[in-house]
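Protein chains: 2
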Amino acid sequence: MTKIKYKLIKEDNKARLGQIETKYGTYETPMFMAVGTRATVKTLSPEELYNCNCGIILANTYHLWLRPGEDIVKKAGGIGKFMNYKGPTLTDSGGYQVFSLANPKDITEEGVKFKSHIDGSNLFLTPEKSVEIQNKLGSDIAMSFDECPPASASYEYMKNSIERTLRWAKRGKKVHSNKDQCLFGIVQGGPHEDLRKYSAIETVKLDFDGYSIGGVANDGESKEDMYKAIDYSVPYLPKDKLRYLMGVGEPVDILEGVERGIDIFDCVLPTRIARHGNAFTKSGKINLKNAKYKEDFTPIEKNCDCYACQNFTKSYIRHLINVNETFGQRLLSIHNIRFLIKLTEEIRESIKNNNFDKYKKEFIEKYQNK
Amino acid sequence: MTKIKYKLIKEDNKARLGQIETKYGTYETPMFMAVGTRATVKTLSPEELYNCNCGIILANTYHLWLRPGEDIVKKAGGIGKFMNYKGPTLTDSGGYQVFSLANPKDITEEGVKFKSHIDGSNLFLTPEKSVEIQNKLGSDIAMSFDECPPASASYEYMKNSIERTLRWAKRGKKVHSNKDQCLFGIVQGGPHEDLRKYSAIETVKLDFDGYSIGGVANDGESKEDMYKAIDYSVPYLPKDKLRYLMGVGEPVDILEGVERGIDIFDCVLPTRIARHGNAFTKSGKINLKNAKYKEDFTPIEKNCDCYACQNFTKSYIRHLINVNETFGQRLLSIHNIRFLIKLTEEIRESIKNNNFDKYKKEFIEKYQNK
Chain A
9 MTKIKYKLIK EDNKARLGQI ETKYGTYETP MFMAVGTRAT VKTLSPEELY NCNCGIILAN
69 TYHLWLRPGE DIVKKAGGIG KFMNYKGPTL TDSGGYQVFS LANPKDITEE GVKFKSHIDG
129 SNLFLTPEKS VEIQNKLGSD IAMSFDECPP ASASYEYMKN SIERTLRWAK RGKKVHSNKD
189 QCLFGIVQGG PHEDLRKYSA IETVKLDFDG YSIGGVANDG ESKEDMYKAI DYSVPYLPKD
249 KLRYLMGVGE PVDILEGVER GIDIFDCVLP TRIARHGNAF TKSGKINLKN AKYKEDFTPI
309 EKNCDCYACQ NFTKSYIRHL INVNETFGQR LLSIHNIRFL IKLTEEIRES IKNNNFDKYK
369 KEFIEKYQNK
Chain B
9 MTKIKYKLIK EDNKARLGQI ETKYGTYETP MFMAVGTRAT VKTLSPEELY NCNCGIILAN
69 TYHLWLRPGE DIVKKAGGIG KFMNYKGPTL TDSGGYQVFS LANPKDITEE GVKFKSHIDG
129 SNLFLTPEKS VEIQNKLGSD IAMSFDECPP ASASYEYMKN SIERTLRWAK RGKKVHSNKD
189 QCLFGIVQGG PHEDLRKYSA IETVKLDFDG YSIGGVANDG ESKEDMYKAI DYSVPYLPKD
249 KLRYLMGVGE PVDILEGVER GIDIFDCVLP TRIARHGNAF TKSGKINLKN AKYKEDFTPI
309 EKNCDCYACQ NFTKSYIRHL INVNETFGQR LLSIHNIRFL IKLTEEIRES IKNNNFDKYK
369 KEFIEKYQNK
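So the protein lines, in turn, are chains A and B.
For the first sequence, our numbering begins at 9 and goes up steadily by one.
For the second sequence, our numbering begins at 9 and goes up steadily by one.
There's no promise every hint is true.
Stated by the list, open to error - Below, in silico cross-link-like pairs of lysine-lysine (DSSO-like), each with a Cα-Cα straight-line distance of 27 angstroms or less:
#: 1; chain 1: B; residue 1: K302; chain 2: A; residue 2: K83
#: 2; chain 1: A; residue 1: K310; chain 2: B; residue 2: K89
#: 3; chain 1: A; residue 1: K310; chain 2: B; residue 2: K94
#: 4; chain 1: B; residue 1: K249; chain 2: A; residue 2: K300
#: 5; chain 1: A; residue 1: K302; chain 2: B; residue 2: K302
#: 6; chain 1: B; residue 1: K83; chain 2: A; residue 2: K82
#: 7; chain 1: A; residue 1: K300; chain 2: B; residue 2: K83
#: 8; chain 1: B; residue 1: K297; chain 2: A; residue 2: K83
#: 9; chain 1: A; residue 1: K123; chain 2: B; residue 2: K94
#: 10; chain 1: B; residue 1: K22; chain 2: A; residue 2: K83
#: 11; chain 1: B; residue 1: K310; chain 2: A; residue 2: K94
#: 12; chain 1: B; residue 1: K302; chain 2: A; residue 2: K123
#: 13; chain 1: B; residue 1: K297; chain 2: A; residue 2: K82
#: 14; chain 1: B; residue 1: K89; chain 2: A; residue 2: K300
#: 15; chain 1: B; residue 1: K302; chain 2: A; residue 2: K82
#: 16; chain 1: B; residue 1: K310; chain 2: A; residue 2: K82
#: 17; chain 1: B; residue 1: K249; chain 2: A; residue 2: K297
#: 18; chain 1: B; residue 1: K310; chain 2: A; residue 2: K89
#: 19; chain 1: A; residue 1: K302; chain 2: B; residue 2: K83
#: 20; chain 1: A; residue 1: K302; chain 2: B; residue 2: K123
#: 21; chain 1: A; residue 1: K89; chain 2: B; residue 2: K302
#: 22; chain 1: A; residue 1: K83; chain 2: B; residue 2: K137
#: 23; chain 1: A; residue 1: K89; chain 2: B; residue 2: K297
#: 24; chain 1: A; residue 1: K297; chain 2: B; residue 2: K83
#: 25; chain 1: A; residue 1: K310; chain 2: B; residue 2: K83
#: 26; chain 1: B; residue 1: K187; chain 2: A; residue 2: K297
#: 27; chain 1: A; residue 1: K302; chain 2: B; residue 2: K300
#: 28; chain 1: B; residue 1: K310; chain 2: A; residue 2: K302
#: 29; chain 1: B; residue 1: K123; chain 2: A; residue 2: K310
#: 30; chain 1: B; residue 1: K300; chain 2: A; residue 2: K89
#: 31; chain 1: B; residue 1: K302; chain 2: A; residue 2: K137
#: 32; chain 1: A; residue 1: K297; chain 2: B; residue 2: K89
#: 33; chain 1: A; residue 1: K302; chain 2: B; residue 2: K89
#: 34; chain 1: B; residue 1: K167; chain 2: B; residue 2: K249
For the record, the hints were derived by calculation from the structure and aren't laboratory data.
Computed from a predicted structure; not experimentally measured.
Throw the hints in and build the complete structure from the sequences for me.
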């Protein structure tokens, strides 16, 4: 049995220090997972991810289904072997991407009809199909196919949606056949306390290997609604299973999530903001395009142990970003990923020392320049 | 004195094995120089260049003059420190770029008027200005500012042009003030035997630190004209100075150049063809986009010692190129640069063993699938 196993090590109020055993080694949680949409974390090599101390990385089922196709990935030995990443991997269900490409009328009990973003061809994704693709992709953690209703959805729509998501979760679980792969259930319900509670309780009844909280990173979702959604869901999730907050990676949100009992996070943020010249620092985000860095021959952040900060200046990275050279994006991606991973390392240390609250307060004060 | 010093070690017919002493260490020639136009070899880190066994790398004066500006590079400690490349660097004169942006009527005795490719603003480059910029960029080797007439230029035009290039070479040498930097002269003269001879003899009279043969990689230049240009120039170049064939990087052309007594080469080819999915192999160029590599889980080339071949399959790289992910371009760039560097390593070995001719013949036969 090579399935990932979670163990809760200790709690500091609701914040959890945990451990996951995988065939690649043991990793600690809370953990930030870098996103490698198309079987590559944009611009980076596996070695650069190891050097950032990455654990699980995430790939997107929808994108890999279309190109190169799940059968090629399976023949390569699974997503990890395909991209030569010697660590654990997680695939999403494709739902998040699919719903942004579908019309509401194309969502039926059976599944979702939508048009390919590549060639406009008609595609159809069902809970069974999503799980079958993920079985072939061979990630260590697969996600159930769920509906992600927009933040603007009515209470009534949301209620019907979580019922359907539960039926879909059941259908996906039924066909899940990869014994080395975990399958996670997803709690939905928007900002509604009763719906989150109902969705959490009913999803847990289906007995998944872990649980995620979805629908919190949609466009138009407020921070307050995100924190509420976690507060309303977490009490009904079992303590001995991983808890995953999907699509969240702002440093403050990671801290808020950990405080509420979340173990793992993922987000495209560190690589996406890198493309626009942005870098996380302990004193908040900075944009390297700013003229004040023109002759700044110091690293992005003093005392940062990342490859970019150990070897290059703001002035040089600014130049690379300004002339649109990929190496600039690569250096900022390394720095930003390392920043979030380092944040989780410090969070874990603070939980060990029972002072997560203090750490969180001090981090946010400095980060928000208060 | 930290100027690069060349030493001829041995000859095998006209092919030369040489050594350059630099403040970064000793390197052997023949050598292929990777091109880092904007102070970065596209997509690659310095460490990746060291792992390819790169020696000198080249940066473009025109591009760095415009962005970030030579003063910033000087303040950073020179081009090497700016980009954190711990090896020798060479800058071109800007001429090649400038002439492609200028109208013929804008070329005067004083210099060249042209419009910036970035914002269309009016710019003026002179032999003095080019050398002064390069002094500040602080490369280990600077090039004289020369006119690069098109292949279609008349004999008369070419004759006048080489006279002006000689006057420009004198003017540039006069203002060259960086004592740690070599300044090279450039031989022009198109495919005309008498003009190449005259240009070589007169340029050598000016006593530069090394000599390059220019005007062989222009659009419309035939291979035969390139080989002739070398044959007509080399006999008049001193044996104890480096000989540089500008803009040439096709494997067969490197071999033809070495056979005729050339020491160093540069070309954007390995990184440019990488962007289009092409890889050098001993059996010729291949395009990874080809459908036949879809399920090819072997490296680009068996027995290749590069990072790409040691870690990734054709199938994976093909996927990355198809979905336009930079990591694919990066892997192909590493492979292609390593391929050309390895070629020069094998060339050096063959010169040591007095069998360059045999090596060249066998390489070309296999490369051209004869």
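Exercise. Which hints from the list above does the structure break, by number from lowest to highest?
Worked result: 4, 5, 6, 9, 10, 17, 22, 26, 27, 28, 29
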